[in-house]
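Sequences and hints are given; from them, build the entire structure.
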Amino acid sequence: MVSILIITHNRLDYFRKCLESVLKTTEKIDKEIILWDNASDDGTKDYILKMSEDYDFIKPVLNETNIGVNAKGKAFEISKGEFIACLDDDVIELPDEWAEKMAEAFKSEPELGYLALDVIQNEHTTGAKLSEENYKEKILDNGLILQTGPVGGWCFMVSRRVYNIVGKFRQAKGRIFFGEDGDYVIRCRLKGLYSAILKDVKCFHATGPYYNKNYEKIFESKMKDFNSGNIDAHTVKVKARQIINKVIKTGKRK
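When you number the sequence shown by numbering that gives the first Met the number 0, it's gap-free, plus one each residue, and the end is 253.
Honestly, the hints are just simulated from the structure, not real lab data.
In this text, all values refer to a predicted model and were calculated from it rather than measured experimentally.
Glycine included, every Cβ here is placed at the ideal spot set by N, Cα and C.
There may be inaccurate statements among the hints.
Below 25 Å or equal to it, Euclidean Cα-Cα: the simulated DSS-like pairs (lysine-lysine) are [to be verified]:
{"no.": "1", "residue 1": "Lys-201", "residue 2": "Lys-137"}
{"no.": "2", "residue 1": "Lys-137", "residue 2": "Lys-198"}
{"no.": "3", "residue 1": "Lys-167", "residue 2": "Lys-106"}
{"no.": "4", "residue 1": "Lys-23", "residue 2": "Lys-79"}
Pairwise CB distance ranges (calculated) [as the list claims (entries may be wrong)]:
{"no.": "5", "residue 1": "Gly-191", "residue 2": "Glu-26", "range": "32 to 38 Å"}
{"no.": "6", "residue 1": "Arg-159", "residue 2": "Glu-92", "range": "26 to 32 Å"}
{"no.": "7", "residue 1": "Lys-106", "residue 2": "Gly-72", "range": "21 to 27 Å"}
Put into C-alpha cells, the structure is as follows:
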C-alpha cells in the first residue's frame, strides 16, 4: 500500500486540483490518502470532509492550529503504507503511474533514501528544482533514471524501510514552513542513503510569484518565523546548505 499525504492551509483552489490529480493518477493502486488541514477558514475543511465521505481511503485530519510543516511529521506518524509519498498542495498536475514508478525505484535500489518527482519548468517557474548541472544520472536495472543531487519536498517518497532506519521527521519549535526536507535528506546521507529525482516523471509544481498572488506575503510570513529571536533567515539557509554539501562530500555532519 502507498500512503499519500497532502498538507494544506487556505489554498482550496490549488488543494482541490492537487487532490483531483492524485485521484486520477492512482486509481490502480492500493492506497490511503491522508488530508491534513492546518486550520483553514476558506472552505477547505468542508471539502475534505465531503471527499472523505465519497472515498473510504481518504483520511481527514482537521487540525485546530496551523503547525506548519510539523504537520508532515505528524501525518507520517499515522500513515500505514509500505511507501509514503508527501505532496505540496500546489502540485496540481501529476503524471500517470507516478506512485508506482517511485515505489519501483525503492524496490530496485536499496541505497535510495529520498526520492522526488521531476518537475515541469517554464518561463514562470523552475518548479523549485535546480539547474541540470547539479545532477548526475543513474540508470536502474528496471530502466528508471535517477538524478542524484539536490532535491526538494514538492512531491517526494520514502519507503517504510527508510523511515524505520532514518526515523521520524523532526518537530521544529514555532510555526516553521520549510527546511524539513533538507534536514531529512541530511539524515538519510548520514545513514548511507542517497537522495534523487526521478528523471522525466514530471509533475507541475505551481510555485513562485507568478502562480501564487500571495507569494510575497507568504514568504514574508515565513521569514518572520525564521527571524524570531534575531536569527537571520539567510544565514540559517546558508548554514544549512554548507552542512548538506559537507555531508554529500564526507558522509559526516560534523
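Okay, the hints, checked on the actual structure:
With a CA separation close to 17 Å, the supplied pair Lys-201 and Lys-137 stays within the 25 Å bound. Simply put, Lys-137 and Lys-198 have alpha-carbon atoms about 10 Å apart, close enough for the 25 Å limit, and the pair holds. Distance check on the hinted pair: Lys-167 and Lys-106 sit about 21 Å apart at the alpha-carbon level, within 25 Å; holds. For the given pair, Lys-23 sits about 21 Å from Lys-79 by alpha-carbon distance, which is consistent with the 25 Å threshold.
Between Gly-191 and Glu-26 the beta carbons are some 36 Å apart, a value that agrees with the proposed interval 32 to 38 Å. Our hint of 26 to 32 Å for Arg-159 and Glu-92 holds, since their Cβ atoms are close to 27 Å apart. In this structure the supplied range 21 to 27 Å holds for Lys-106 paired with Gly-72, their Cβ-Cβ distance being about 25 Å.
Violated hints: none; the structure is consistent with every hint.
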